[in-house]
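The listed protein sequences derive, respectively, from chains R and C.
Here the first sequence stands for residues 1 to 202, numbered as in the UniProt record's numbering.
Here the second sequence stands for residues 1 to 202, numbered as in the UniProt record's numbering.
No incorrect hints appear here.
Heads up, the list lumps identical chains together, so a pair's fine if it works in one copy or across two of them.
Straight-line alpha carbon distances no greater than 16 Å define the calculated EDC-like cross-link-like pairs of lysine to aspartate or glutamate that follow: (1) 177 to 126; (2) 177 to 123; (3) 147 to 157; (4) 52 to 9; (5) 147 to 158.
Calculated directly from the structure, the hints in this document are not laboratory data.
Computed from a predicted model, the values in this text were never measured in an experiment.
Number of protein chains: 2
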Amino acid sequence: MSPAKRSAEATARLRASLIEHARQLIAREGASALTTRALAAEAGCAVGLPYKIFADRRELVTAIVDAELDQLRAACAELVQSAGTGTVGGNLTRFATAFLDSPAIALSQEIFADAALRQAVADTAENGGMGPSAFPDVLSRYLTAEKQAGRVAAHVDEHAFGYLIASTLHNLLIAGKEWPHPTRPALEQMLTATATAIAAGQ
Amino acid sequence: MSPAKRSAEATARLRASLIEHARQLIAREGASALTTRALAAEAGCAVGLPYKIFADRRELVTAIVDAELDQLRAACAELVQSAGTGTVGGNLTRFATAFLDSPAIALSQEIFADAALRQAVADTAENGGMGPSAFPDVLSRYLTAEKQAGRVAAHVDEHAFGYLIASTLHNLLIAGKEWPHPTRPALEQMLTATATAIAAGQ
Numbered sequence: 001m002s003p004a005k006r007s008a009e010a011t012a013r014l015r016a017s018l019i020e021h022a023r024q025l026i027a028r029e030g031a032s033a034l035t036t037r038a039l040a041a042e043a044g045c046a047v048g049l050p051y052k053i054f055a056d057r058r059e060l061v062t063a064i065v066d067a068e069l070d071q072l073r074a075a076c077a078e079l080v081q082s083a084g085t086g087t088v089g090g091n092l093t094r095f096a097t098a099f100l101d102s103p104a105i106a107l108s109q110e111i112f113a114d115a116a117l118r119q120a121v122a123d124t125a126e127n128g129g130m131g132p133s134a135f136p137d138v139l140s141r142y143l144t145a146e147k148q149a150g151r152v153a154a155h156v157d158e159h160a161f162g163y164l165i166a167s168t169l170h171n172l173l174i175a176g177k178e179w180p181h182p183t184r185p186a187l188e189q190m191l192t193a194t195a196t197a198i199a200a201g202q
Numbered sequence: 001m002s003p004a005k006r007s008a009e010a011t012a013r014l015r016a017s018l019i020e021h022a023r024q025l026i027a028r029e030g031a032s033a034l035t036t037r038a039l040a041a042e043a044g045c046a047v048g049l050p051y052k053i054f055a056d057r058r059e060l061v062t063a064i065v066d067a068e069l070d071q072l073r074a075a076c077a078e079l080v081q082s083a084g085t086g087t088v089g090g091n092l093t094r095f096a097t098a099f100l101d102s103p104a105i106a107l108s109q110e111i112f113a114d115a116a117l118r119q120a121v122a123d124t125a126e127n128g129g130m131g132p133s134a135f136p137d138v139l140s141r142y143l144t145a146e147k148q149a150g151r152v153a154a155h156v157d158e159h160a161f162g163y164l165i166a167s168t169l170h171n172l173l174i175a176g177k178e179w180p181h182p183t184r185p186a187l188e189q190m191l192t193a194t195a196t197a198i199a200a201g202q
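If we strip away everything but chain R, and leave its shape as in the complex, we get:
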């Protein structure tokens, strides 16, 4: 193995390690805690090191989102597979929670306020097959599967409801504090009420 190759591998390992530490930092203390100094402290490295790996904060944030795409993809797959098991309200709530609790999501206000960053993140998500339209789509597919399982009424338009629910979650990500944000129990109650309203046999 050439020294150049080792160096590239070491850089890749360091990059992955910094991203993982950044995700832990955000998960524990929120997006505002993600400073270069705090990240260096979390990772136990020199303060200047993150700057050598990521050209700027945009590159770091985009890398964090990229690393989160696997988790979001898994949450989407789990939602569709959950059709016919548990309760519809419970399945929707588990998906909503995974979506809203993602460290990538904690960065959404920052991403949204910066047009260049927003475009970079949208491109990254799109390339990973998780662009914004993936969310209405996966909710529609889940509701279609629940129709087939006999738990959503046949007359319900699953595309309309997939879009309504995805829009509500997306709005919670990007809306400021002026918008009324429900507590998690209130969100669960709302999604359960939605599931009840569209249940078969109502």
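Fit chain C to the given chain R structure using the hints.
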């Protein structure tokens, strides 16, 4: 009447005129058309005049939103009064259209991207009784009235649906072009499908 009094009145008239011209300009050509130069041309005044009335663009934008609050209030009142008439889907669509077509709304991307402006607009709307939580509330009240009119099923949670529909509209205002925006006919179809799903006797 003292000259000072006349001058204040003339300034107020000029201010109101500039706001009205700004609203017409936005309604006709979109938010990006609102430049000081274009506004002066629209109002037929000197290019420097808007700067004498509005300290900066934030002040102009906040004044436009303030002027729109009456229209939004009227749309809310009309929605609640429409319960029991026409169709539920049609009433929701008329409200959604009034909300999304408001010139104040055309400015929402700009407002959202600027934290200070966002706060100023939120305060203005809140003071006018039209803060963001007014929208889930008015939709809930409308659905309650439709329940009483026998057109929404008794088991439907109108707070959940008021929040879902308001969130979907709010998300359309603030989400970027990455988010899938329905055409107006698709929006009407979606709201009609929602109304069908929660209709009494389904």
